[in-house]
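Construct the complete structure from the given sequences, taking the supplied hints into account.
Next come the chains, spelled out residue by residue.
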Amino acid sequence: MRRKSHKRQPPVASVNSTETRSRPEPASFLDVRELRIHFDTDDGLLRAVDGVSFELEQGRTLGIVGESGSGKTVTSLGIMGLHRSRRARISGEIWLDGEELLSAAPERIRQLRGQKMAMVFQDPMSALHPFYTVGAQITEAYQAHHPKTDRRTARDRAVEMLNRVGIPRADQRVDDYPHQFSGGMRQRALIAMALINDPSLLIADEPTTALDVTVQAQILDLIRDLQQEFGSAVILITHDLGVVAELAHDILVMYAGKCVEKGPATKLFTAPEHPYTWGLLGSMPRVDRAPQERLLSIPGNPPSLIRLPQGCAFHPRCPFADRNGEKSFTEVPELTGASDPGHQVACHLPPEERRRIFAHDVAPRL
Amino acid sequence: MEITEREPLLKVTGLVKHFPITQGLLRRQVGTVRAVDGIDFTVLPGETLGIVGESGCGKSTTVRLIVRLLEPTGGRIEFEGRDITHLSRGAMRPLRKDIQPIFQDPYSSLNPRHTVGTIVGAPFRLQKVETEHGVKDAVQELLELCGLSPEHYNRYPHEFSGGQRQRIGVARALALQPKMIVADEPVSALDVSIQAQVINLLDDLQKELGLTYVIVAHDLSVIRHVSDKVAVMYLGKVVEIGGRDSLYAGPMHPYTVALMSAIPVPDPRRRVKRERIVLTGEVPSPANPPPACRFHTRCWKAQKICRQLEPPLRELKPGHFVACHFPENLPASAEADSGAADRGPGARLREEGGGARGGWAPPHPGWCRTPRAGRDEGAALITRAGRSRHALCHRLVWN
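Those sequence lines, one after another, are chains E and B. 1 is the number of the first residue of the first sequence in the numbering used here; add one for each residue after it. 1 is the number of the first residue of the second sequence in the numbering used here; add one for each residue after it.
What the hints contain is simulated information worked out from the structure, not anything from laboratory work. Treat the hints with care, as some may be off.
Sample of chain B residues with no beta-carbon within 10 Å of chain E, all distances over it, derived [what the hints assert, rightly or not]: (1) D83; (2) P112; (3) V135; (4) P290; (5) K304; (6) E315.
Facing chain E, according to a computed beta carbon distance under 7 Å, are these residues of chain B, among others [to be verified]: (7) K128; (8) D191; (9) S193; (10) Q197; (11) V222; (12) R224; (13) P266; (14) D267; (15) L279; (16) E282.
Quick reminder that beta carbons are idealized off the backbone N, C-alpha and C, glycines included.
Written out as structure tokens, the structure reads:
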């Protein structure tokens, strides 16, 4: 089961002796180290997440960006402990507030889930049970972690939370069924449910993808306000770089289960160094710039996670793959420090070359 | 686009579609959903009209009416000068060659049991169009044109990714060399990078084949990129329509202003500077739309007149029409011509603030509100001489 290989101490400076690997007790609030989540399928081993590491402090927001199938959601479900242990092969370490989650007992994870870490799912229609009232579902989340509270208190707490997330007439709407709520209100109800136990880690998986722009703006503002109020750590998963730019302090770009670039949001948007990040930025039509003739799209499709390309997984779609001999086709690039502290990139292009290409060829076309 | 005196390819006047709400065993009608409630626009050949709005504003119904998948309740649709509003199925069939749809969901719009060859070749068979070297050749050419390989002819839709499926949909729409393509959210189901590929493809095809597009999307950035002309819909009405540049540089309807300020911009430095107008509440139900101006329930500048009188769609800039009593970003000339007086003093008060700003920037939320003074408080309004102090007095009395 999940626990078997993780009772061990962190490995002694074996693979790479980076700072995070050598110290057992993490300093950060959330510390994910070399997380790997693989699934056995009939066609072979699917490497959904393949060695992702990141840290997150309380009061900060991490944005995880990437196309569908890049492993964003699988990572977050892994943190929440929501993968079935029989199907998923998980390795690595996840430290939440000084506690290792992958080696913890399922009972303990269940206590933490909802209490210390909570998740807002993408599709608010399927995340709410159509058969129960919104209030019943929110009070259930509260009572699960406060078994001694009576129904009255739990209900009052639910109304208070619905009020807090901006549902008008919350004391009446609490008895409504999900179908009586609009899309934006359902998403608000889900956020209320996630926050009812004051979790210190909130994972929002594409929280606004199904919503209209005006409602999206409301929800993003709400998440930002609540974060300031409760000081929680937020992981925001999305494919929309615009949404990430609104909220995130740090950004992690995923491609084919790996982190290809991570760093502070300002750096990632002004001086991105990975060709995939350039492609993502170039693919978005932007309203804050003069209209472009053509979008700078990324050719091709994301690779299959079962048969990953040799070498850098991005090389079949990378216009600069042949700039440095055979390296991109044979060797997997390591995540290494870029020009600024805290900014890391996994690319074979020499740093000067990357900066030159971005400044001359990419930036003018964004 | 150089010739200005062109006959419109598509002309829509006063188009209305009401859906009955029925109840009970006898399907007694208890109400109507006013999905589209009197809209007008024209599309010139070679032009792209983008339609934006929130869900439930009637965008998709409009598209379905244009391709005649729905029977209009009222109004008129003219294609190449010919009235097609109530043509029968049979009479419509030859016209379907010229108007082709692309659908939103590339998963449900392709029959999973048909091969790509059958899907893309279907228009030829249905319309009994003879091709020079047979249908297979024609289909393979189309696949190549849309960035797929001719070997995909015998494959099934499930073997393709979302972006490739959408390309199959585009190839099918292009099969009969239509004059106009009507696309309902063609890229919203796709990933960002794939979205860019499909948008570029649509662009290239338009240049190559001289197509006319009507594109519906909820994403304002996408619409800005693809369109020449943009229509903004709210609850079954067009509230603003105009040239792309004019509309995005100076949106005049408060709803458009709010929509644009809500677009997330991929630039974290702007996060601090930007003031966003966050609309409160939800879109009202189209079964029971607010009277007069439909936006007044959510509008931060709504006045008494907005609740009583529906604003007509008026041309306030050349080619830029707005339906609002108190438009934003009004050009100086229009202020004089259209006579701020006939729109009530509120309009003039607002232009005081609007004139000072160059181009479009999201206004500060507090800006252009009625000045407030509590009990035993005073408020001062400093303006340029002779502009709106008089107007303010009027407003104080009005409200």
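Legend entry - chain E contact restraint for B:P266 - C-beta distance below 7 Å: holds (4 Å)
Inset, instruction - Identify whether the interface hint at B:D191 stands, where standing means a beta carbon of chain E within less than 7 Å of its own. - result: holds (4 Å)
Legend entry - Minimum beta-carbon distance criterion (7 Å), B:V222 to chain E: holds (6 Å)
Legend entry - Minimum Cβ distance from B:P112 to chain E greater than 10 Å, as the annotation requires: holds (19 Å)
Inset, instruction - Mind verifying the non-interface call on B:E315? Its CB should be farther than 10 Å from each CB in chain E. - result: holds (23 Å)
Legend entry - Minimum Cβ-Cβ distance from B:V135 to chain E exceeds 10 Å: Fine: 28 Å to the nearest Cβ keeps B:V135 off the interface.
Inset, instruction - Report holds or violated for the interface hint on B:K128, using the least CB-CB distance to chain E and a cut-off of 7 Å. - result: Given a least distance of 36 Å, the restraint on B:K128 is violated.
Legend entry - Beyond 10 Å from each Cβ of chain E, as asserted for B:P290: The assertion about B:P290 holds, with a minimum of 16 Å to chain E.
Legend entry - Hinted contact B:R224 with chain E - closest CB pair below 7 Å: holds (6 Å)
Inset, instruction - Identify whether the interface hint at B:S193 stands, where standing means a beta carbon of chain E within less than 7 Å of its own. - result: holds (4 Å)
Legend entry - Claimed clearance of chain E by B:D83, with the beta carbon kept past 10 Å: Given a closest Cβ separation of 34 Å, the condition holds.
Legend entry - Evaluation of the interface hint that places B:Q197 against chain E, nearest CB under 7 Å: With a minimum Cβ separation of about 5 Å from chain E (threshold 7 Å), the hint on B:Q197 holds.
Checked against the numbered hints listed earlier, the structure breaks hint 7 alone; every other hint is satisfied.
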